[in-house]
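For chain A, the structure is supplied; the task is to place chain B on it using the hints.
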Amino acid sequence: MTAPLAARNPVAKLVAALVPTLALLTTLDPVTPALFLAVELAVLPLFGISLTTLVKRGWPLLVSAAGVAVAQQLFGTGGWPASIGLALRILAVAVPGIVVFATTDPTDLADALVQNARLPARFAIGALAAFRLVPLLGEEWRLLTLARRARGLDAGRNPLAHLRAFGALTFALLVGAIRRGTRLATAMDARGFAAGVPRTFARQQLIRPADVALMLASVALAVGLPLLTVALGVFRPALG
Amino acid sequence: MIELTGFGWRYAGRRAWAVRDVDLRIERGERVLLLGLSGAGKSTLLAALAGLLTDESGERAGTIAVDGRAGVLFQDPQTQLVMARCGDDVAFGPENLGVPAAAIWPRVRAAVDAVGFGYPLDRSTHALSGGEQQRLALAGVLAVQPSVLLLDEPTANLDPPGAALVRQVLARLDTTVVLVEHRVAEALPLVDRVVVLTPDGIRADGTPADVFARYGDELADGGVWVPDHPVLPRRAAAPAGAPLLTARSVAVPGRLAPTDLDVCAGAAVAVTGPNGAGKSTLALALGGLLRPGSGTVRATPALAGADAAARPPHAWRAAALATRIGSVFQNPEHQFVTGRVRDELALGPRRAGAAPESVRSTVDDLLTRLRLDRLAEANPYTLSGGEQRRLSVATALATAPRVLVLDEPTFGQDRRTWTELVDLLAKLRDDGAGVVAATHDEDFVDALADRTVRL
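Protein chains in written order, with this note's numbering: chain A, 2 to 241; chain B, 97 to 551.
Bound conformation, chain A alone (with noise of 0.2 Å):
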């Protein structure tokens, strides 16, 4: 792989993703989020995703991110740096996020969770396969809608009857999966899946040097840039 980065095991890669949320939890400046945005952009050529790729797959949070900016700067009392501020935290928060979800296959995510952070894998696994039937709700929704209109149903232009027909909808929709989830839980069980057993891993994840470094490299952001504001005397603490 060309992206040394996009390759770490996900769970180190979740784990430097979160850390710098800890830390900008703690101030309420534009610069220090403004300074972990920078990183972040500034490594996401090590991670392979271009900036395009990023916008394409996180522009609703920069809509919401803008909006949130406006209605601090309306009904806010803390001016504009206030706003941009939390506008600039919000973004430094999410974008990790973002990467780590657009440069890791679920498998690896769900394998490194089970094997690395130690989580059940009733949870990891159960959850990877219940993800897998997701993209079934959407022809199921279709199919809903259209048999809703060959039974003689339509809202026309009431608003109300629109919102009874989603609520319904969502329950023939909710009734679907849980069928189907009760049935493929089954046929996990059938394969062993509550044996007891302890299970083995057909796929290792492994925490290599690597993503140790990862890791503390995220760690000495997370203290390092918050001392740099501090220092440059910009910090303002979210607390007291």
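No wet-lab data here; the hints were simulated from the structure. Note that the coordinates shown come from a computational prediction; the quantities given were computed from them, not determined experimentally. You may find that some hints are simply not true.
[Said to hold, decoys possible] To give a feel for the contact side, a few chain A residues facing chain B, derived at Cβ under 8 Å:
#1 Asp109
#2 Ala125
#3 Leu145
#4 Ala148
#5 Thr187
#6 Ala203
#7 Leu207
Note that CB positions come from ideal geometry on N, CA and C, so glycine has one too.
Then chain B, alone, in the frame of chain A:
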């Protein structure tokens, strides 16, 4: 190998036993077809053999003993595949059983070879056809090296080529097999013994020839597809009448190639073709539920009066549509919108503005005609597969449309529901309705269709 004595099972909260008084011995290497009428407890017995009935889910009588480990192949491939990649999925079972990592991949390869699966192991499980998915699911079952293979209608959800593929693989395996399947003719080459189950124990047990000679009629009456009990065709008594609905060069990009079709009064048309040819899409377009990408679907004045010239069916108001073209979906549950069978039937006529007395008489009439009267107060979601199918057809009939469009109406139905459906559709047709059915079912086409359009 397998031994049951006086075995019974009652699900928690139920008064009746799902199955009871079962005495059965199956030796290593035997291949058994387990037959029974709907509700005879076949699935319960299979679940018991698979060790899936836990003590907290019900009450057991008698004893059940299975040497070694059972593997189960279920109907629906979609809900059996666990992982995103084919090889990972086959490895899932061995992982669960704690097989050492180094031994897992050789096992996976052996299982995949045993079923003749020809794709690379890193292939996405989503990218496979239904038949290939089921073949992969079987590899996943074989990878746990079961001493007995339990098959719960393994081909019921597949199109004919997919079903043939899976049966071909099953015929090659040399393990002990217990197969539940109501399409008996297809299953017979796979088995050497037939056991007939009723809720009160085993009714018959022996070689296929013996069992069908003695109990064939009884089984056929009870809904089992017994070989050499053909269903008589119901051809139209009169020639087709005037066209009600015409499709000209109807196409949907990527889903349906340009197709012409006329639905005439008093005629039944079958739409056939392999999976992915666009049968369901054509059914939706004819049903006024989908706007065609190109081409036209037009109603004639005989069907829609003045509305016929004004706008195509997909632009009609839903209430008007339901009184002219009824649609029956492949999965009945997609069509249920209320919590009671009776309300389900009353909904259409009520929306169409019928008077309360006339709604009540329509509903009562349909309940009797489709043998749903006992279930009038039940929740549609709780009905059996056959009952749900009858209800979904009844809801479409409640608004008395002159055109009925059905998508795979006989899919997975036992012989009894199948025959009732064919009789009902034949009667509608003879009363002057136009019937269109998208179907894989060759028997259904032979029995009912006056004309076949192959996509």
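Checked hints:
1. Asp109: 10 Å, violated
2. Ala125: 12 Å, violated
3. Leu145: 6 Å, holds
4. Ala148: 4 Å, holds
5. Thr187: Given a least distance of 6 Å, the restraint on threonine 187 of chain A holds.
6. Ala203: 4 Å, holds
7. Leu207: 12 Å, violated
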